Amino acid sequence: MPYSLPDFGEFVLYAILVAAAYTFAVSLAAARGRPRLLKAARLGAYATSALTLLGVALLAYAFVSHDFRIRYVARYSDRSMPTGYLLAALWGGQDGSLLWWLLLLSLYVSGCVRWIRGRYRELEPYVIATLMVIVGFFAVLMIFSANPFAVSLAGGRPDGDGLNPMLQNYWMIVHPPALYAGFVGCSIPFAFAIAALVTGRLDNEWILAVRKWMLLAFLFLTIGNVLGMVWAYEELGWGGYWAWDPVENASLLPWFTASAYLHSTMIQERRHMLKIWNVFLIGLTFFLTIFGTFMTRAGIIASVHSFAQSNIGIFFVYFMALIVAAGLGLLVYRLPKLRAEASIESVASREAMFVVNNWALLGAMVFVAVATLFPKVSEWLWNEAVTVGPPFFNRWMTPIGLLVFALMGLAPLFGWRKTSGVSVKRAFLYPLSAFVIALVLHVALGRRLGYPAFVESDSFYPGLAGAVLARIGAAAPLVTIALAAMNLAVIVQEFVRGVQGRRAAAAKRNEAEPLLLSLVRLVAKNRRRYGGYVVHLGIVSMFVGFAGNAWSVEREASLRVGEQAAVGRYTLSYQGAYACPGSPKCTTAQQADQHKRMLFADLSVHADGSPAGRLTPAKFTYRQQPDSPTTEVAILHTLRDDLYVILGSLGEDGSVATFRLHLNALVAFIWIGLLLMLFGTGISLFPELERARFGAWTYVRPGATEKPAREEGSAR
Amino acid sequence: MAELRHHPLALPVALFGLALVAGLVGFLFGIEILFLGLAGLTLLLVIVLLWQSLQSLSLGSELSLEEALSLAAPAIEQERKQAVLRALKDLDYERSVGKLSDEDYAELAQRYRAEAKELMRALDERGKLDRERILRRLDERVAQIPDQQPDEPPSEMTSRGCPACSGENDLDARFCKHCGDKLVQADVGGAA
Numbered sequence: 047m048p049y050s051l052p053d054f055g056e057f058v059l060y061a062i063l064v065a066a067a068y069t070f071a072v073s074l075a076a077a078r079g080r081p082r083l084l085k086a087a088r089l090g091a092y093a094t095s096a097l098t099l100l101g102v103a104l105l106a107y108a109f110v111s112h113d114f115r116i117r118y119v120a121r122y123s124d125r126s127m128p129t130g131y132l133l134a135a136l137w138g139g140q141d142g143s144l145l146w147w148l149l150l151l152s153l154y155v156s157g158c159v160r161w162i163r164g165r166y167r168e169l170e171p172y173v174i175a176t177l178m179v180i181v182g183f184f185a186v187l188m189i190f191s192a193n194p195f196a197v198s199l200a201g202g203r204p205d206g207d208g209l210n211p212m213l214q215n216y217w218m219i220v221h222p223p224a225l226y227a228g229f230v231g232c233s234i235p236f237a238f239a240i241a242a243l244v245t246g247r248l249d250n251e252w253i254l255a256v257r258k259w260m261l262l263a264f265l266f267l268t269i270g271n272v273l274g275m276v277w278a279y280e281e282l283g284w285g286g287y288w289a290w291d292p293v294e295n296a297s298l299l300p301w302f303t304a305s306a307y308l309h310s311t312m313i314q315e316r317r318h319m320l321k322i323w324n325v326f327l328i329g330l331t332f333f334l335t336i337f338g339t340f341m342t343r344a345g346i347i348a349s350v351h352s353f354a355q356s357n358i359g360i361f362f363v364y365f366m367a368l369i370v371a372a373g374l375g376l377l378v379y380r381l382p383k384l385r386a387e388a389s390i391e392s393v394a395s396r397e398a399m400f401v402v403n404n405w406a407l408l409g410a411m412v413f414v415a416v417a418t419l420f421p422k423v424s425e426w427l428w429n430e431a432v433t434v435g436p437p438f439f440n441r442w443m444t445p446i447g448l449l450v451f452a453l454m455g456l457a458p459l460f461g462w463r464k465t466s467g468v469s470v471k472r473a474f475l476y477p478l479s480a481f482v483i484a485l486v487l488h489v490a491l492g493r494r495l496g497y498p499a500f501v502e503s504d505s506f507y508p509g510l511a512g513a514v515l516a517r518i519g520a521a522a523p524l525v526t527i528a529l530a531a532m533n534l535a536v537i538v539q540e541f542v543r544g545v546q547g548r549r550a551a552a553a554k555r556n557e558a559e560p561l562l563l564s565l566v567r568l569v570a571k572n573r574r575r576y577g578g579y580v581v582h583l584g585i586v587s588m589f590v591g592f593a594g595n596a597w598s599v600e601r602e603a604s605l606r607v608g609e610q611a612a613v614g615r616y617t618l619s620y621q622g623a624y625a626c627p628g629s630p631k632c633t634t635a636q637q638a639d640q641h642k643r644m645l646f647a648d649l650s651v652h653a654d655g656s657p658a659g660r661l662t663p664a665k666f667t668y669r670q671q672p673d674s675p676t677t678e679v680a681i682l683h684t685l686r687d688d689l690y691v692i693l694g695s696l697g698e699d700g701s702v703a704t705f706r707l708h709l710n711a712l713v714a715f716i717w718i719g720l721l722l723m724l725f726g727t728g729i730s731l732f733p734e735l736e737r738a739r740f741g742a743w744t745y746v747r748p749g750a751t752e753k754p755a756r757e758e759g760s761a762r
Numbered sequence: 101m102a103e104l105r106h107h108p109l110a111l112p113v114a115l116f117g118l119a120l121v122a123g124l125v126g127f128l129f130g131i132e133i134l135f136l137g138l139a140g141l142t143l144l145l146v147i148v149l150l151w152q153s154l155q156s157l158s159l160g161s162e163l164s165l166e167e168a169l170s171l172a173a174p175a176i177e178q179e180r181k182q183a184v185l186r187a188l189k190d191l192d193y194e195r196s197v198g199k200l201s202d203e204d205y206a207e208l209a210q211r212y213r214a215e216a217k218e219l220m221r222a223l224d225e226r227g228k229l230d231r232e233r234i235l236r237r238l239d240e241r242v243a244q245i246p247d248q249q250p251d252e253p254p255s256e257m258t259s260r261g262c263p264a265c266s267g268e269n270d271l272d273a274r275f276c277k278h279c280g281d282k283l284v285q286a287d288v289g290g291a292a
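Protein chains in written order, with the working numbering: chain Y, 47 to 762; chain G, 101 to 292.
No lab work stands behind these hints: they were computed from the structure.
Heads up, some of the hints might be wrong.
What the hints assert, rightly or not - In silico lysine-lysine, DSBU-like type, Cα no more than 30 Å apart, as pairs:
no. : chain 1 : residue 1 : chain 2 : residue 2
1   : G       : K217      : G       : K228
2   : Y       : K471      : G       : K189
3   : G       : K282      : Y       : K554
4   : G       : K181      : G       : K228
5   : Y       : K383      : G       : K189
6   : Y       : K258      : Y       : K383
7   : G       : K282      : G       : K228
8   : Y       : K631      : Y       : K642
9   : G       : K189      : Y       : K571
10  : G       : K217      : G       : K277
11  : G       : K181      : Y       : K258
12  : G       : K217      : Y       : K258
13  : G       : K189      : Y       : K554
14  : Y       : K571      : Y       : K554
15  : G       : K217      : Y       : K571
16  : G       : K181      : G       : K217
17  : Y       : K471      : Y       : K554
18  : Y       : K258      : Y       : K571
19  : Y       : K571      : Y       : K471
20  : G       : K189      : G       : K217
21  : Y       : K665      : Y       : K642
22  : Y       : K554      : G       : K181
23  : G       : K189      : Y       : K258
24  : G       : K217      : Y       : K383
25  : Y       : K422      : Y       : K383
26  : G       : K181      : Y       : K383
27  : G       : K181      : Y       : K571
As the list claims (entries may be wrong) - Taking CB as the label site, the calculated pair distances span:
no. : chain 1 : residue 1 : chain 2 : residue 2 : range
28  : G       : E132      : Y       : I219      : 12 to 22 Å
29  : Y       : K554      : G       : Q210      : 18 to 28 Å
30  : Y       : E387      : G       : E268      : 57 to 67 Å
31  : G       : L235      : Y       : V566      : 40 to 50 Å
32  : Y       : W405      : G       : A110      : 22 to 32 Å
33  : G       : A110      : Y       : K471      : 52 to 62 Å
34  : Y       : D53       : G       : Q155      : 40 to 50 Å
35  : Y       : A372      : G       : E268      : 46 to 56 Å
36  : Y       : L427      : G       : D192      : 55 to 65 Å
37  : G       : A110      : Y       : P672      : 47 to 57 Å
38  : Y       : V432      : G       : V113      : 42 to 52 Å
Computed from a predicted structure; not experimentally measured.
Ideal placement from N, C-alpha and C gives every residue a C-beta, glycine not left out.
Construct the entire structure; sequences and hints are all you get.
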């Protein structure tokens, strides 16, 4: 019988496992012709979710009440941490983050169970059962290997170790939950796919159910990834936003397959093709979320933000084997039902473009996965771990990315099935003109404006491949900008044509529709399509931001007080250093800070000769970790470029300081792209206002012209 | 009360109220009490949910109309009809923006319309059968009520008489346990 908080917490973990097993059994029973048990299964699913919430509430209580008997609490918090970071520590380490993961999964489960009422009745019990297996897996994982409620063997301590200062910032509070929400969200489509395979209800309706959930997961994956980029950029202080770190790659993999799925699902809906492929993509996306977690949690690949080694790897291996066996087994079993009802009739069709696009996205995924695992692979093959660095990724991902980018623009120009010559000409005229004009303008004017069309790009491979890749790298900014112009033209053209079509139809009915109203109605009536185009717009913006990387400059400067350094259009002059708490220059909050000592270097900045503000890059030394001071960058954000200053070292008296100065061009467009993508996905996701809900009455309603027997009496 | 529960804003308002209460508790009594209270409430919720779930395992448990409806599944034809109608809508759109030639449109639209017609016919057929079945059962049920004692309200009836020997039988009995005669089925058996 549990008589203390850690014991009770552990008891709750067992209860989660039992409740999940119970719900699993009841929902399978419900599927076997006893629909009344479905009510019990739904309540069981809710109860399992509530139990998870209970577990998180208990752990949160342990954190805020500083219960250092619990190992996890002692390792990731201390008495001086503010409440916000205490709660962020819930997902700051391995054990707690698994519980947090389970909580998010529970939220999805509850939402899904509530949502599914009255739809997809045949799939429902299997959806619940599949989700319960996943819940059960995480419960087993925590009980046997990563128990967040485990007590320290040495007993309670007066104070804990504290959270890693790297993690103590605003972005770190929001980034992991968003990313987990994306990872976990892929479970729902997977549960639907399994349910559809088991029941054999493989028509196109289940694909519609999955689409929204996958879109939601995609949304969170995007947010999580970009927030990770923001965190790396603002906090890690190495000048960039994406380092192709294994953990980053792990979160990128499902993003590729999810976006591939979101496109190929359209083909299935429209043309009843690619059914096997779609089921495969859903399964693969879910598998990749588990695989990514495995890769980073089990210590397979060394990474800057991987968790401490533990024995949880083997559990993941078993679970992945289960996923693959169940998924592939069912897929093969249902192959006859998954036959395509049509085929691709022409290369110049949207289907064909989507298929190519799918392969490109999948290729990107495979490339990133293999390259990330390369140290392991090479160890197996040649007994020598070969690590591939960011330049390798950047060089190879450039052509793949540009291919996807080009296809993204081209695909909407084609019609379904086949595109006639006339409509091809009509569709391609403006986008291709935009492409050519952008190309010419960029070559002609780029250098003068400071954005040269070709950049230096050394080939770091011997041989042909290296030379070709170097060429591509050199021309990448030019091609990116030209493709961005083309994509922009395509998106604008789609909107213009849609509005024209609406207004023409309105004119035929002798109604006048104002331009703006027409646009709003167009989007409202085809939210998914135009939401998708807005997402594309966001991606265009991001690509422009990525292209900016080629025009970024970087230099180091060692300055005495009063000396100046120039980078691009900016001139920085070093004014001296000051320490907080202590110096009169500190803010009140800094003066009151008891957790760390802050050393600031004071720089005044001039842009093209006129004052542009002050930058104070710093080194923070936390009381808890005095040996590893953190680097706090100072950034001057503008739309055109970011001035990014890192304090390298500071002399004892502050008279000399070394800085790394980055001038990162067009970075702002990446964050703008995220906002656009959020907006677009929001448009697509927004629930149908007049949604048609089916109840049992759909059996009765057709043909019911006389007084229908629909009052209460008939239901019992 | 029931209408309030189904108001579209019910959930957001409830969540907001909960957050407000939580904030107040946290402010007044400290953050520890807040999480302890949250844990307590969740524990209560878990017990209630599990209890309800276990209760609904027994077949005799009550089902509300809404629950009975939520256990019903839409017909396959119904789902396919939705898909076909949506495809037709998309076709119209594709043509209106000039991505589909007129002859392609005509061919595809004709195919989808034929399919929709076929599905609607199937739905009608099925609906008619189901409707007849339901009406028949209703009639049977209505015909049974006067057989009971007039002072006993129908909702409390736990047994019924056999038309042949007038012996008492369980409600869900199919055959009379006194004379073995076949009994008219009274149970409607849910909505499915």
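Here is how each hint holds up against the structure:
no.: 1; hint: G:K217 to G:K228; verdict: holds, 16 Å
no.: 2; hint: Y:K471 to G:K189; verdict: holds, 25 Å
no.: 3; hint: G:K282 to Y:K554; verdict: violated, 67 Å
no.: 4; hint: G:K181 to G:K228; verdict: holds, 17 Å
no.: 5; hint: Y:K383 to G:K189; verdict: holds, 27 Å
no.: 6; hint: Y:K258 to Y:K383; verdict: holds, 24 Å
no.: 7; hint: G:K282 to G:K228; verdict: holds, 28 Å
no.: 8; hint: Y:K631 to Y:K642; verdict: holds, 17 Å
no.: 9; hint: G:K189 to Y:K571; verdict: holds, 10 Å
no.: 10; hint: G:K217 to G:K277; verdict: violated, 50 Å
no.: 11; hint: G:K181 to Y:K258; verdict: holds, 20 Å
no.: 12; hint: G:K217 to Y:K258; verdict: holds, 28 Å
no.: 13; hint: G:K189 to Y:K554; verdict: holds, 18 Å
no.: 14; hint: Y:K571 to Y:K554; verdict: holds, 19 Å
no.: 15; hint: G:K217 to Y:K571; verdict: holds, 24 Å
no.: 16; hint: G:K181 to G:K217; verdict: holds, 9 Å
no.: 17; hint: Y:K471 to Y:K554; verdict: holds, 26 Å
no.: 18; hint: Y:K258 to Y:K571; verdict: holds, 17 Å
no.: 19; hint: Y:K571 to Y:K471; verdict: holds, 27 Å
no.: 20; hint: G:K189 to G:K217; verdict: holds, 15 Å
no.: 21; hint: Y:K665 to Y:K642; verdict: holds, 10 Å
no.: 22; hint: Y:K554 to G:K181; verdict: holds, 29 Å
no.: 23; hint: G:K189 to Y:K258; verdict: holds, 19 Å
no.: 24; hint: G:K217 to Y:K383; verdict: holds, 24 Å
no.: 25; hint: Y:K422 to Y:K383; verdict: violated, 39 Å
no.: 26; hint: G:K181 to Y:K383; verdict: holds, 20 Å
no.: 27; hint: G:K181 to Y:K571; verdict: holds, 19 Å
no.: 28; hint: G:E132 to Y:I219: 12 to 22 Å; verdict: holds, 20 Å
no.: 29; hint: Y:K554 to G:Q210: 18 to 28 Å; verdict: holds, 22 Å
no.: 30; hint: Y:E387 to G:E268: 57 to 67 Å; verdict: holds, 58 Å
no.: 31; hint: G:L235 to Y:V566: 40 to 50 Å; verdict: holds, 47 Å
no.: 32; hint: Y:W405 to G:A110: 22 to 32 Å; verdict: violated, 46 Å
no.: 33; hint: G:A110 to Y:K471: 52 to 62 Å; verdict: holds, 54 Å
no.: 34; hint: Y:D53 to G:Q155: 40 to 50 Å; verdict: violated, 29 Å
no.: 35; hint: Y:A372 to G:E268: 46 to 56 Å; verdict: holds, 52 Å
no.: 36; hint: Y:L427 to G:D192: 55 to 65 Å; verdict: holds, 56 Å
no.: 37; hint: G:A110 to Y:P672: 47 to 57 Å; verdict: holds, 53 Å
no.: 38; hint: Y:V432 to G:V113: 42 to 52 Å; verdict: violated, 58 Å
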